Structures are given as C-alpha cells and as structure tokens.
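Chains C and B are the protein sequences, given in the same order. Residues 1 to 283 (the numbering used here) make up the first sequence, in order. Residues 1 to 286 (the numbering used here) make up the second sequence, in order.
You may find that some hints are simply not true.
Claimed, not checked - A short list of chain C residues far from chain B (calculated; beta carbon distances all over 12 angstroms):
1) Ala7
2) Lys39
3) Gln176
What the hints assert, rightly or not - Below, in silico cross-link-like pairs of lysine-lysine (BS3-like), each with a Cα-Cα straight-line distance of 25 angstroms or less:
4) C:Lys193 to C:Lys148
5) C:Lys148 to B:Lys219
6) C:Lys255 to B:Lys269
7) C:Lys119 to C:Lys134
8) B:Lys10 to C:Lys246
9) C:Lys148 to C:Lys255
10) C:Lys119 to C:Lys255
11) C:Lys39 to C:Lys119
12) C:Lys225 to C:Lys246
13) B:Lys219 to C:Lys225
14) C:Lys148 to C:Lys225
15) C:Lys39 to B:Lys269
16) C:Lys225 to C:Lys193
17) C:Lys193 to C:Lys39
18) C:Lys148 to C:Lys246
Quick caveat, the hints were computed from the structure, so don't treat them as lab data. On a predicted model such as this, the values are computed, not experimentally measured, just so you know. Even for Gly, the Cβ is constructed at its ideal location relative to N, Cα and C.
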Amino acid sequence: MKIVRGAPNHEVLDLNYPLVAAALERFIREELAQRGYAKAVVAVSGGVDSAVTLALAARALGPENVHALSLPHRDSSPESVAHARLAAERFGVALETVDITPMVEGYAQQTPDLTPRRKGNVMARARMIVTFDKSEQYRALPLGTGNKTERLFGYFTWHADDSPPVNPLGDLYKTQVWGLAEHLGVPQEIVHKAPTADLEPGQTDEADLGVRYRRADVILEHYLKGYPDAYIVGLGYTPEEVALVKRRVNRTHYKRHLPAVALISSTAIGEFYLRPLDFRLED
Amino acid sequence: MVRHALLQLKPEKGRIGRNLEHLQQALLNLRDEGVDVVVVPEAYPTGYFLQGGVRELALEAAELEDRLGRWHAAHYREPLDLVIGFYERDGGSYYNAAAYLELGGRGLVHLHRKIFLPTYGVFDEERFLDRGHELASFTTRFGRAALLICEDFWHTVTATTVALQGTEIIYVPSASPARGFGSGAPANVERWATLARAVSGEHGLYVALASLVGSEAGKLMSGGSLIAGPEGEVLAQAPEFEEAALVADVDLDRIPPVRYDNPMLADLKAGLPLIFPELRRLVEEL
C-alpha cells in the first residue's frame, strides 16, 4: 500500500503579485478619489519600498499625475539619490529634488549635542514637512511607503514615515514587497541592494534590527497567526530570533496608534464615539 | 426562465441619496435586458463599515420601500422585484437587513434580519447591531425564495433550514473585504464560490450572491458576485473589485429533475428525524 504523508503545516508568504498589484492600484485610485484627489506625491528614497509605491501610483493614476520627490541631505548616500532618479525614470514620473540640508542644518547649528541618530530623525521629519507642503502645492495626496515588517518592528521615524494618509504597502512584509517589486519591474539594483534607512552613513536595516528580513517575516507571520514559539523554532528559526522579533513588536505598539487620550466622558473619541475614517453624512 | 441581474455596486460612504440614484441609474441601464429580479449587495445604501454611524444612517424598511417604490412608479409600467441589503432601524433597534421588494406590486414581500453578526477580526457587527431571530422562506411571483445575509450563509445549517422549507432560490447580499492573495483569486472569493457550489448542489437549488465592491478605508470589497445552479455549478460570475451587472437566467423547472436524480434533500427529510434528537440535545445544552 502506498503511504502518502502530509507535509507539516506552515504559512506561506508568497503572493499572487499580479493580483496584489491590481488590488493596490485600485486601492490608491479609490482612496484618493474618496478624499477628492486624483494625484499623488511620493517621496522616493532610492529604496525598494518607495520604488514599488511609485510604480503602483504611476499605474493607478498615470505617471503624469504622480509627483516624485527626491529629498536628499548632504550626508545622504549618493547611491540613494541615483536610485531615486532611476526609479522615477523607470516608471516615467518626473522627479523634483529638494535639498533638505539647510532645513536640517538650521536646527543642527542650534543643537550642538545632536547625535547622528537624532539628526537622522530630524531629516525624516524634514522630509515629511516638504512632502506635505508639496501635497498642498500640487493638490496631490502623499502616499506612505512603510511596509508591514517595519511597522510591526516600529522601525521608522514616528510622525514622519508613518504620516501619509494613504499607504498601499502597510500590510505587506518586506519579503512580499521584494516579490511585488520584481513583478512591477523595479530596477534590479534597487531590489537587490541591502535595505537602509540612510539616516546615518553605512547604516543598514538588518544590522539595526539584528535579524534578516526574510527570516523575520516568516517568524512574524507565524507569531501573528498564533503559532507557539516552539513551533516556529521547529521551522528552523533560533529561539533568540523568535524572542527578538516578539520583543520588537511588543515594545512598539504605541507607534501604531494615535496618542493616548485621558478618558473623561462617555463620548471619548475612538473609545465610545466610533466612526470609520471614511464616515460622512450626506451634505 | 427568471432573468436575474446581480448588481455589484460601489456605494459612497454615508451618501444614501447619491447611492440610491446610482442604483436607479444602473437599473435604467438594464432596462432592455428584460430583468425580473435585481439583487443588490449588503448595506448598499450606506456602505458596509459604519461602526456607531449605523444610528445616524439606518433606514426604516417602509422608508426604503417608499423611496424605491415612488421611483419605480415614475419609470416603469411592469413590476420589478428587487432584493437589497441595508441597515434597518425599527424603533430603537438596528439590524443588518435585506428586503425583497416587489416594486409596482405587493411592495415589501419579505424582510430578513441578519442572524449571524460577525464580530471578530475586521468585523464588529454585534457591537452596533441587534441580531435577527427569524429564518423564513417566502413566495415571490416566480417561486419560493429565502434571504440570507453574508455570514448567515457561511453556516450551512441556515441554507439547510430554508431548503427544508421549500426554497428554490437563496438570495445572499454580502459585503466581503478581500483577503488572502496567495492564489488565483482572493481567498474569500474562492471560499464564497466553494460554499455556493456546495449548498446549491447539496439541496438542488439556486444561490444568487451579490457582493459589494469599493475600497472602504483600505478594505477592498471583493465583488465576484455569482449565481450557482442546482447541480452545484457556478452558472455565471462577475469580476472582482469592479462594478458590474451579472445577468443570468434562472430556470426553476430544472430543480425537480435534478432533485429526482440526486435526491439529497429527500434523503435529508428522511434522515433528519434520526439525528434530530441529538441536535435538540446539543441545542438544549447551550
């Protein structure tokens, strides 16, 4: 008798990327339209997340309706600037460059003890200021580029990278963003380089995080779906990796929420008074 | 033959007047199709996710009947049957409801209030709505029908119950956020098709599923409306995510021969008394 054995169950991160792309394009169009917009602003860092966002926006809205912004500081890596240009060229989107050095240095000059990490966060927030001002100038809505992995890790500058009102990639792990990037034709040098926030010279995400994205994403997906640690370890991950991933998630829940508000009444917003963000009454 | 049109439309959140006009325009566009019954998704007049806004936007069934009835009278000479999902206000109670309206005829023929209110994951219905408590089939101009709303249909005991009541076609207004992008279609769309095929094939009846479309703050309602026939086959299916009218003929005369060759419903009637004591014991234990 033939014995057929079932393989141990595990979650699969691979997606049907053409289907995902079509859904995200529709998401961008409809969420912008619901807010009265037909154009988008995308701050392009030279990394894969913003390149994918730019590609989706160009497909959703037409390249002529997308404003790509390159927002370098003088300490930014030349490769980041070159890759931002490359992404904009690949997807036919005009790229506008605004040098944020004077904004950042204006503050830095008054702050002699500004550490490199703090200065990097000032850069990220300066980029947010420019992006929202360009939004108003062009009547184009900023698109967020943060992925699910960095959101779960809290690995982003609070009130900067997370501030755009519409984010197509926020439910995709980094591994899935890479897969989507291949489908969308993001230039290979952008897809295959080491991810970096480029807030400090030589910085890489995976060195900061202490775990590889492709390993972290599998751990995250199993953790979020309720698999016990031992099960995840049984899939080939170390107890240290599992612990690190869980620690990062559980130390950063506040970064994924609006501020804590002292509850005084029975009409506290978001506690008792609950309306979805697209709620409205007929005019 | 009963010609059906399943309208998977995209409402604008909270804009009831605009959304009813959008529906009316869609109906006028279908005028030459000779449609007998139109099916409109769950919560269409307002959009699905309202949270506490249900209190501000729910309609009385009579109000909905009146608005659509007056419009119908101004545009049609023949009756038109319309199934529509909506948030219903009845005194101080609020329901996720669906109405079967015979416009230009008997008016409100049947009102179903959703029994299974999903309150998990992305869903939060029972926090804001009351549960329906009745499950009844009813007679239309064309045959015996029943209404089930979204999760009502995910518990096959509901379809079994209305099948035992003599239902020939189950209308299912739904609103289903797309999730699970690992295969050819979103996993929820595949699940709906699997369920519709299983239920229609088991009981030898038709299932008409009308599923909402549109992005509601990032939740992409999936569409993929479908009609399944008494042999468990998908007769027609609308695309995902985009507005569409799925027009298909339902031949209720197919049901008797299909049930004769595949007498699952008759077998159920024969076997149900054998398992009923155990079912009753389980219910009494709850």
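Query raised in the report: Can the restraint linking lysine 148 (chain C) and lysine 255 (chain C) be considered satisfied, given a maximum Cα separation of 25 angstroms?
Result: Holds, because 13 angstroms separates the two Cα atoms, which is no more than 25 angstroms.
Requested in this report: Verify the proposed pairing of lysine 225 (chain C) with lysine 193 (chain C), using a straight-line Cα cut of 25 angstroms.
Outcome: The hint is violated at about 30 angstroms.
Query raised in the report: Minimum Cβ separation between lysine 39 (chain C) and chain B greater than 12 angstroms?
Result: Fine: 17 angstroms to the nearest Cβ keeps lysine 39 (chain C) off the interface.
Query raised in the report: Going straight from one Cα to the other, do lysine 193 (chain C) and lysine 148 (chain C) come out at no more than 25 angstroms?
Result: Holds. Lysine 193 (chain C) to lysine 148 (chain C) sits at ~19 angstroms (cutoff 25 angstroms).
Requested in this report: Determine whether the non-interface label on glutamine 176 (chain C) survives the test: each CB of chain B must be over 12 angstroms from its CB.
Outcome: 9 angstroms, violated
Requested in this report: Below or equal to 25 angstroms on CA atoms is what counts here, so check lysine 10 (chain B) against lysine 246 (chain C).
Outcome: 39 angstroms, violated
Requested in this report: Assess, step by step, whether the Cα of lysine 225 (chain C) is no farther than 25 angstroms from the Cα of lysine 246 (chain C), and give holds or violated.
Outcome: 13 angstroms, holds
Query raised in the report: Going straight from one Cα to the other, do lysine 148 (chain C) and lysine 219 (chain B) come out at no more than 25 angstroms?
Result: Judged against 25 angstroms, a Cα distance of about 16 angstroms means the pair holds.
Query - Minimum Cβ distance from alanine 7 (chain C) to chain B greater than 12 angstroms, as the annotation requires - result: Nearest chain B Cβ is 16 angstroms from alanine 7 (chain C), so the label holds.
Requested in this report: Below or equal to 25 angstroms on CA atoms is what counts here, so check lysine 219 (chain B) against lysine 225 (chain C).
Outcome: Since the Cα atoms of lysine 219 (chain B) and lysine 225 (chain C) sit roughly 20 angstroms apart, the hinted pair holds (cutoff 25 angstroms).
Report task. For the pair we were handed, lysine 39 (chain C) and lysine 269 (chain B), check the Cα-Cα distance against 25 angstroms. Result -> Violated - the C-alpha atoms of lysine 269 (chain B) and lysine 39 (chain C) are around 60 angstroms apart, more than 25 angstroms.
Report task. Below or equal to 25 angstroms on CA atoms is what counts here, so check lysine 148 (chain C) against lysine 246 (chain C). Result -> The hint holds at about 14 angstroms.
Of the numbered hints given earlier, the model fails hints 3, 6, 8, 11, 15, 16, 17; all others are met.
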